[in-house]
Structure formats: C-alpha cells, structure tokens
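Protein chains: 2
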Amino acid sequence: MSKSNNVYKDAFNRCLRLLDENKSLPSEPELGTLLGVSRTTVRSILARMEETGLIDWNKRNKTVLRAPRPEDFFPEEETDSLAEIIERSFMRRLLAEGAEAGMQINELELAREIGVGTTSVREFLIRFSRFGLIEKRRNSHWVLKGFTRAFALELTEIREMFELRSAAAFVALPEDSAVWVDLDMLEVQHRQLASEIAARFNEFSELDERFHRLIHRASHNRFIVDFYDVIAMIFHYHYQWNKAEERQRNEVAVQEHLAYIAALKSRDPAKVDAACRKHLKSARQTLLSSIPEGRQAGRQVQPA
Amino acid sequence: MSKSNNVYKDAFNRCLRLLDENKSLPSEPELGTLLGVSRTTVRSILARMEETGLIDWNKRNKTVLRAPRPEDFFPEEETDSLAEIIERSFMRRLLAEGAEAGMQINELELAREIGVGTTSVREFLIRFSRFGLIEKRRNSHWVLKGFTRAFALELTEIREMFELRSAAAFVALPEDSAVWVDLDMLEVQHRQLASEIAARFNEFSELDERFHRLIHRASHNRFIVDFYDVIAMIFHYHYQWNKAEERQRNEVAVQEHLAYIAALKSRDPAKVDAACRKHLKSARQTLLSSIPEGRQAGRQVQPA
DNA sequence: GTAATGTCTTTTATCGGGAAAAAACATTTT
DNA sequence: AAAATGTTTTTTCCCGATAAAAGACATTAC
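Protein chains in written order, with this note's numbering: chain A, 31 to 334; chain B, 31 to 334.
Hints should not be assumed to be uniformly reliable.
Chain copies aren't distinguished; within one or between two, either way the pair holds.
[To be verified] Calculated cross-link-like contacts (lysine-lysine; reagent style PhoX-like; alpha-carbon spacing at most 25 Å):
no.	residue 1	residue 2
1	Lys308	Lys53
2	Lys308	Lys89
3	Lys166	Lys33
4	Lys166	Lys295
5	Lys53	Lys39
6	Lys92	Lys166
7	Lys311	Lys53
8	Lys308	Lys175
9	Lys166	Lys39
10	Lys166	Lys311
11	Lys301	Lys33
12	Lys308	Lys39
13	Lys166	Lys89
14	Lys295	Lys308
15	Lys311	Lys39
16	Lys295	Lys92
17	Lys33	Lys89
18	Lys33	Lys175
Hints were generated in silico from the structure; no laboratory data involved.
Small disclaimer: the values here were computed from a predicted structure and weren't measured.
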C-alpha cells in the first residue's frame, strides 16, 4: 500500500452533492476545475457513479439517474489526507496534558502510533517546524518547545505588528479596489451572525479567519500573509479543545470586528489603529487566559 | 546505498586539526561534545586514526604518533550533508539566468539531476518553502516565485520592522546582561577588520551575520530570531554569485555597523533608531541594485 | 477547428528496508 | 562510585519501488 486514494474519495463525495440538482453533468475538464482535481480522477469518479447506477455515462452524455443516498458516500474518515491525519494526531498530543517543554519527539514512535510511514511523519514535522513549537537537533530527535505562555506572547507580538501595518495599508488602498466589496460582504455576514449569535456562535471562527486574512493581504507582503497560517493553526486547534466561554467570547469579538470594519470604511488611519489595537488586545487576552498555569515555565530538559 | 557517512568524515577531518598540538587525546565522551557527534562516531574516528598510524589507541590511552598529512583528510566534497548539496545545487539554478517566476519545479527531475533520491529533494523543498521563493500546488508540482524585486522589497520590509524592534529591545537590556560583552567583542572585531579592510573585506559577511543575530536575539521572540535565517540565506547565496563592488560595499557597511554599535552603547533609543535605519536603508539599496532588471516582473505562467 | 473524450506517460505521495549515527545498557577502570 | 570503555539497541537518514493522481498526447465528436 503506497498511497491512499483519499483525493478520489473526497472528490467523489463532493461530486455527489453536485448531483441532485442538475439533471446532467458538465464535461470532464469542467468537472475537474469544479472539484479541483485532474481529469484522471474525474473519470474514476464517473466510472464509479455509473457502476453504482447513479448516472448513465456515454461519452459526452452524463445523465443523472437518481439522487445520491447516504450509503453512496465514502466514510468521512477515508477522505482525509495523510498530512491531515498526522497533524490532528500530533496536535492532540501536543495540547494534551503532559506535553512538557523540552520533551523529545520520536519520529519512529509517532509513525508507529499513528500507523503511517516514517517519511510522512518526517515531512509533517519539517512543515510543522515553522510554527515555532518544535525544533530539530541535527542528526537526532526533535525537541518540543511547548505551547507555553511565552509562545503565546511571541506569537501575538508579531501578529500585532503585522496586523497594524496591514490595516494601515488597507485604508490606503484605492477606492475601486476589490477589497472594499469583500469588506462589505464580510460586514453583512458579521451583522447576520450578530443577530443570531445565540444559535450560530460556533460559526464565528471561520468568519474570523476570512476577515483577518483579508486585512493581512492588504500588506502585499508574502511573509505577513504566510504568518497568518501560524495564527490560524494555533487558534484552530487551541479553541477546538477549549470551549470555555466560547459564546461570550465570540459575541464580543463580532462586535469588535464590526467596530474595526467601520473604522476601515471611515478610512481614518487613527480610528483604524485604535479599533485594531482594541480587538487584538482582547484576542491576546483570550488566548493567554486559556493557557493552563502548569504550562508556563517548563524546565528545559537538555539531553546530551 | 542508503546514507552517506559524511558526519563521520567531517568530524574526522575536524578531529585531525585537533591532533597536532596535544600529544594525547581526551576521553571519548569529551571528544564527542567537542566535535558535536555521538560516541559511536568518535569511536569510528579513533579506529581509523589507529589504522592509519596517526595514534596509538589502547582504552584510555590515545597517544598521537604523528602530525596529520594532507592525504589523511577526507576530500572536502565528501563532508557535506545531502541537504547542503541539494541546497547549493538548487540555489545555483535559482539565481542563474532563466529562472523565471512561474516556472514549475519537478521533484523527480531535480533528484535525477543532482543524483539523489526524491525523498531528500522533497524534504529540502518543504524546508525551503518558508523562504517564500517557492509554493506548492496540492498533489502537484512546486511553483517558483522567483528572486524578484518584489521579493527583495517584502523581505527587507519585514527585516526593517524586526530589526528596529530588536534594536529598541537591545538598549533596554540591563547593564549586566551578557550582550554588552558580546557587543564589545564585536566592536573590536569590526575595528580590526576596518583597519585591514583592503585584505580582509571578504570576511565581512560572517561578521555581519553575527552582529545582526546578536541584535535580533534581544527581541526574545522566536519568530524574529528565526526570520534572520531567511535573510542570512538570501544574502549568503546572493553575494556568492554577485561580487560586484564587494570591497566598497563592505567598507561602507563596517563603518555603519560601528556607528550602530556606538548608538547601542549610548543607550539612547533615538540614536539607535537613526543608526539602524541608516544601515538598513543602505543594505536594502545594495540588495535591490544587484537584482537584474530582467527579473523584475516575471509573468505568471499559470498551469491548469 | 475547437473542445471534448480516449489512451498513454510522467510525477507525486507513501511505504518498507538498510546503512549511519545516536542512544541506551553493561562492564571495566581509576 | 564516578567516569570511562565495550556492546547492543534504537532511531535517523536516505534510497528504490509502487499505486494514486496529474499531465500529455492521440483521437473523435460537434
């Protein structure tokens, strides 16, 4: 077994959802762009759809025969890429109790535990290292630096530098820039969410990411844009295992965003600076308050 | 052939240089720390040294029998790690003419050309991606973003933000901090270099890196410290293939550093800010002026 | 003749294996 | 008994091989 066919399975599932409305499917290249996969994969999907009686396929003719049933879908867990599986597994360990700073990370052990090859684990760790939570000892193991208070402070320091600068660049963008349309759309979505916050508070984090990414992109600096990956990753996993006060937190944040958006639309740099600072300050507070006390120091276990 | 023994060969060569003075070698663990390798490797080194008649080895007794001769050394090219070989090879292509933005990077082709396995190339590309010069298309090839004017500007923008902040943190460090001693040492080395600049101008880049890293460390922020890797990498390779005006450039930079050091020692934030800005501005100019005109835009060849 | 489909080739993602290097354990020496 | 040496085990690094997926080329349909 060398490579799982999760790309095919995931695309197949997404294609099933495309099915029920339209009575006939588009051309193979079109489906490919739609699903974000190659034509090779599209043809595998169509082949299976024909086999299972979902469509009738004859060259350009792809007629939908029936609506998809639950059993037509591949199980969700088979659609994840190996990288996602490893990441989740690793983050679970990292944020679990007992993940002390200074701890060694063993590639082989990780690979065995997750049930994957060492190559995939190695590649994951290399990719993950840019988040600043682990460090490699040459020709030897990785060292966990730990999700500590220090980490959170260093992360937010950079975030604040970058976002203040991006926000300042944002207001300097010309009137006809596409960002203003995007900003209007985000404002509408924020208002909708605010009005139904009780029921939909858990939808905030996705909106949060889109909003901040829009601002960061205004910097036109790849290092600033890329750094948001670090922030997004941390927030994503951190809040996934820390739901305390989530509703209250998100309600406050939505209001702060709306004030921030209003400031951006005013195009007054001073107002933007103030609104941005206010929001980032409370975001930092939220992150810091959720770091368990026992994780602050972490004596550095320095192996020979 | 699965893994080259370059760690052993490199450590062996370094150990040879340790030999000629002392008439007897220290214990195995001590040698290990000295050379930065495990005892296993130390023992391989000692074994060969005994074989080739360099030492007499009997348990704790490691008597040097003769001074090392040129032919005792392993060839330099056999002491490089695979990662270094791939990096050099890749950077040569990248900075060579014809490396247009948008160009595809083929793992297999690279591996074949360099004569290594695909795994090593993949790992290199993943590690390299944080420099912002390449980007991965999921399940597909990498795309070269190119060493363009835009890249240089984005890089220097971050560098300036980070260094100004680090320099400000530097002067706030307590009087008894070890950094002041380090700074004094660097000042002496700068003065020595300045006085012999005609003969030693090519030694500047190493000094430059140590100086800026010292300042960046004052930020106590891992993201700032790590970012210097990007800067160092770019400067290292860029100047390696661009020696124009090198002497003149370095002479100016040494003087700027001395002014910068004086400002730091004055502990006056305003003076530091001014000296830092001045130096970074000329560093940026140097970098920008050395980017060939033809490399500025680079139409994005966007594959399906 | 453009755009689709059909077929073949190349590349990427991933595994298992094996040598180099590190690390752990056992034994000796001072 | 602390620290060295001797020995064994484990882990890292790297390759070649293989299925999945992408991409290229050839052929057909409109």
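- Query: Which hint numbers does the structure go against, in order from smallest to largest?
  - Reply: 1, 2, 4, 6, 7, 8, 10, 11, 12, 13, 15, 16, 17, 18
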